[in-house]
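First to last, the protein sequences are chains A and B. All residue numbers for the first sequence refer to my numbering, where the first residue is 1 and numbers rise by one. All residue numbers for the second sequence refer to my numbering, where the first residue is 253 and numbers rise by one.
Check before you lean on any hint, since a few could be wrong.
Unchecked claim - Simulated coverage check for chain B against chain A, where a stretch passes if three residues somewhere in it have a Cβ under 8 Å from a Cβ of chain A: (1) 384-398; (2) 418-430; (3) 484-493; (4) 538-545.
Since the hints were derived computationally from the structure, they do not count as laboratory data. Glycine included, each C-beta is placed from N, C-alpha and C at the ideal position.
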Amino acid sequence: MKILVPVKRVIDYNVKVRVKADESSVELANVKMSINPFDEIAVEEAIRLKEKGVASEVVVVTIGVKKSEDVLRTALAMGADRAILIEAADDVHTDIEPLAVAKLLAKVAEAEAPDLILAGKQAIDNDMNATGQMLGALLGWGQATSASALDITDGVARVTREVDGGLQVVDVNMPAIVTCDLRLNEPRYASLPNIMKAKKKPLTATTAADYGVDITPRLTVVKTVEPAARAAGEIVGSVEELKAKLKEAGVV
Amino acid sequence: MSVLLVAEISGSHISIDATSKALTAVSSLGPVTILAAGEGVDPAPLAALAGVDKVLHVEGADYGHQMPEACAKLLQSLAPNYTHIAAPATTSAKASFPRLAALLDVMVITDVIAVDSADTFQRPIYAGNAIQTVTSTDAIKVMTIRTAGFDAAVGGGTAAIEVIDAAEAVDSSRWVEDRVVSSDRPELTSAGVVVSGGRGVGSEESFAIISDLADTLGGAVGASRAAVDSGFAANDMQVGQTGKVVAPDLYIACGISGAIQHLAGMKDSKVIVAINSDSEAPIFQVADYGLVADLFDAVPALTEQLK
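Could you put together the complete structure from these sequences and hints?
Dropping the structure here:
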């Protein structure tokens, strides 16, 4: 069984986000970038399936600027077998829309014929939560989003999903697309020897043009601004005073 | 222009609160048709919402289970009649709407917090650290609405109900079971009062002091991601950018430091109270009333005072 894992290079989750002065985007130049945390969980899950003997090969793919090769090397150091880079932008501030990403990934899936695509449930930059579902539609595959548990038996993926009311369990015929939530697993750290070894693992560099996909954005960014600040209130001295204030505000 | 609004329905249960808030968000875009797709649904409460043009009612087990493949296929068949297709941004719509958008070859616009015009919308990015305004060039706008910031539409409507046929079945996935925790407490996203606990609560057992206060106020219990990740609270209690977005009349944050991703989930609450022993905690910067105190003393004391 082959698993394809799409990963995205995003601003590191520890970095304080700043809006650019021209309101076009968030500042990404000279900012620490990392693999999207939900995608890292997807890579980890794929490697665990390989270690359990369920999967035979894990292929990772990314779409973005040339520098996105970094996150492929991270995934290879964790244990992925090979990688595909699709260069689709020159400027790190150019965010390729989920629809375009899904179209490129559909082409990769047609060529690679994986049995399972494991993706993060959303990227922590545009927070769209869309690529996996769009890819499922384009390939005509079943999908299960926000997975917190995954079990594969006889060509069926049984997925426990995090939903509003609690958990939902679904069976999806393979090939399938599953997107990963935070509680699916805790990704490993790559060891230094594995980081060194990853540099020698195969990486195929391609460009969006190679796939004949139109990646023209459908959405135009008008502006990007800081959220409206909420004014700080007052510090009360005791539980009694707090109760009095809440009564005064008419909320208790 | 015409709008298809997909009601939030699980089984036969209609979430009127989420649906009516989303109705308010899209009502400026044109006549609104509501789709009621579920299993054993009585669509009358949807027809009674003010400003609804028509209600389409369709029955199917896969719709009741919110299966995204079947829901997207149904919506695809209805799409040509509308310029906008919207739904509250629940886990159901988050699963089916991007799928629908790809079937229609349009971009999806998720978590809309403001409708500026027929083609321009605002949505949070980077866990709420920035708000982006986008204009769509697509012929059909497919979007999910983050309902917390919108008021619920009122009743008094008399829309006609039309029964329609289910779309062709999709067999790529099957529902197995729901593991839903039943509770007498109000739903987190529609509760008037929410009391949330964070890492400071320290254990699953200690969360009882949070629930006691919530029960005294007739409210719902929430949790920060730190509390959920530490195993103190169930994941469906998580308030924040990747959890539930709430906007109650009163939000009481206990032992929550106030990470930006948590603030993104509750900062539209009308009155925010923070109880935390760390006077430097960022939560105090958004709280209307802050109490610097040990939550294990202050929370039970407040519960006692309010009984």
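Hint check results:
Given a C-beta distance limit of less than 8 Å, the hint that chain A covers the segment 384-398 of chain B holds, as 7 residues qualify and 3 suffice. Only when three residues or more bring their CB closer than 8 Å to a CB of chain A does the claim for the segment 418-430 of chain B stand; here the count is 9, and the claim holds. Only when three residues or more bring their CB closer than 8 Å to a CB of chain A does the claim for the segment 484-493 of chain B stand; here the count is 4, and the claim holds. For the segment 538-545 of chain B, the stated coverage by chain A is satisfied: 8 residues place a CB nearer than 8 Å to a CB of that chain, which reaches the threshold of 3.
Taken one by one, the earlier hints all hold for this structure without exception.
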